[in-house]
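Asks: Read top to bottom, the protein sequences are chains A and B. Residue 1 is where the first sequence starts when you use this note's numbering, and the numbers rise one by one after that. Residue 1 is where the second sequence starts when you use this note's numbering, and the numbers rise one by one after that.
I should point out that these hints are in silico values taken from the structure, not numbers from a laboratory. No residue lacks a Cβ here, since even glycine has one placed at the ideal position from N, Cα and C.
Label-pair distances were calculated between CB atoms; the ranges are: (1) B/P187 / A/R15: 39 to 47 Å; (2) B/D131 / A/Q144: 35 to 43 Å; (3) B/D160 / A/K99: 49 to 57 Å; (4) A/D102 / B/P64: 55 to 63 Å; (5) A/R15 / B/K21: 35 to 43 Å; (6) A/V147 / B/N34: 54 to 62 Å; (7) B/D131 / A/R15: 43 to 51 Å; (8) A/N103 / B/T291: 42 to 50 Å; (9) A/S24 / B/L369: 32 to 40 Å.
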Amino acid sequence: MTNLSYSPKVLEHFRNPHNFGSISNADAVGEVGNLTCGDVMKLYLKISKNSEGKEFIEDVKFETLGCAAAIATSSVVTDLAKNKTLEDALKIGNQDVIKALDNLPVVKIHCSLLAADALTEAIYSYYQKTAQSIPDYLEKKHQQNLVCHREKAIK
Amino acid sequence: MNKQIYFDYAASTPLDPRVLKTMLPLFEFDFCGNTMSLHSFGQKASEIVEESRNTFAKILNSKPQEIIFTGSATESNNTVLKGIAFANQKKGKHIIISSIEHDCIVESSNWLKKMGFEITKVPVDKFGLIDLEALKLSIRPDTILVSIIHGNNEIGTIQDLEAIGKICKENKVYFHTDASQSFGKTPIDVQKMNLDLLTASSHKIYGPKGVALLYIKSGTKIEPLLHGGGHEYGLRSSTVNVPLIAGFAKAAELCIEEMPQETERLTKLRDKLINSILTSIEGSYLNGHPTQRLSNNINISFSKVEGESLMLQLDFAGIACSTGSACSSNSLEPSHVLLATGLKAHQAHGSLRFSIGRWTTEEEIDYLLEVIPQVINKFRILSPFKL
Ligand code: FES
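Construct the entire structure; sequences and hints are all you get.
Replies: The structure is reproduced here in structure tokens:
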């Protein structure tokens, strides 16, 4: 992996990641990946109600152990998610992450999945905690997220 | 800050200007001949190659005709594995390598497996040293070759070739070593070490890229990879690349001449770097052997951080190094060498290799020591796992 195979956007987020750190009294936390595969991403959400009474992401922070792409995708997903309603945030997919970073090298696509999934996981855990109904597709995604992402990438 | 520091000599070295000076005239008209031609142009070119062959024979304590020139260490290693396999399959189809070989040995073995050969990988201890007992036990009547890397390219551990050579001799099995990293840095005597085959490479010793050698003890049964005009005693057909070979020989001469002082100088720098990192950075561990190690290799794992991001951040600071992290390999697998020494995948994940060389200065080491704690710290802050 060299410098050149990453877009300037990726390198920029890697050098100066946005919203990193943790939120001590977070309303939800999403964690994906595991230590065996090496790549772990943790997203913290602070959730409030907007003027229409809808729940939205008031603040978001991340902690990531992984490559430059993993750090850049974490950073960009926090940008994408901030101030979105939970409904809209759930629509953020890894393609949106890739687009926001002006593309990723092929071997690094799985890192963008990690970022998108960390967000879904955080929202899933929030729904669970607040006893809200969980749509089927979200339940399915949650089950898939229990598998290591790198393993999926190798397959 | 516009520093550009090269700590990746194990990947490839810069060309020594003295080597360039030796090579340049050889690109001129006078030396245009094909070494196979009997006219004076051909003979002039041929003389240069034979001089070079003599140089290597002296260095390795072999006969000149036991040295052939190839295009790369990968080619030499492929020739050994496939050439020995195909020439000796009547005796048997069993080959022994170690669990810490370079990819070109590993992949050649994998290919031979598909061709019906059986491969045994001898394990190493936590320092990367071959388990000699396991080696003895794995030799069978149908074993035709033992191939063990001399100085490991990732963790720097140097094997006791004499001890391994003795075992191979007692069991009458061919012994090959990949000395790509060790040749020119540590003394090698093919007779004392009982070597039948040895690979050495030019671009690891400040010579040009695109040339390497293979020592083949006379009497060894081996098939060539390349068939054709019968160059290099019929073992490597291809028009001989005179300037590169002469450059390689010059590079080797310089390394041998300067070896005692250079080894001492590099070892000091190496140990300064290792000791300073281990004492100043929490959660850092040395990979490879503390003393039985290439004078220019430093390989350290940092816990709770990932190697590719460290490498990239160091590159921003003008420091070039490499990593055994899964994230930086195309297969997304961690380094098989680090895993073989007993490291867990997550420990290999945070590994960095710094390899130093002829132009490395103490100031450069000091600069790295100044930068690296900040870099590690940056990613430890980002990491969900705290120390
Ligand atoms: S985190 Fe391992 S490849 Fe991106």
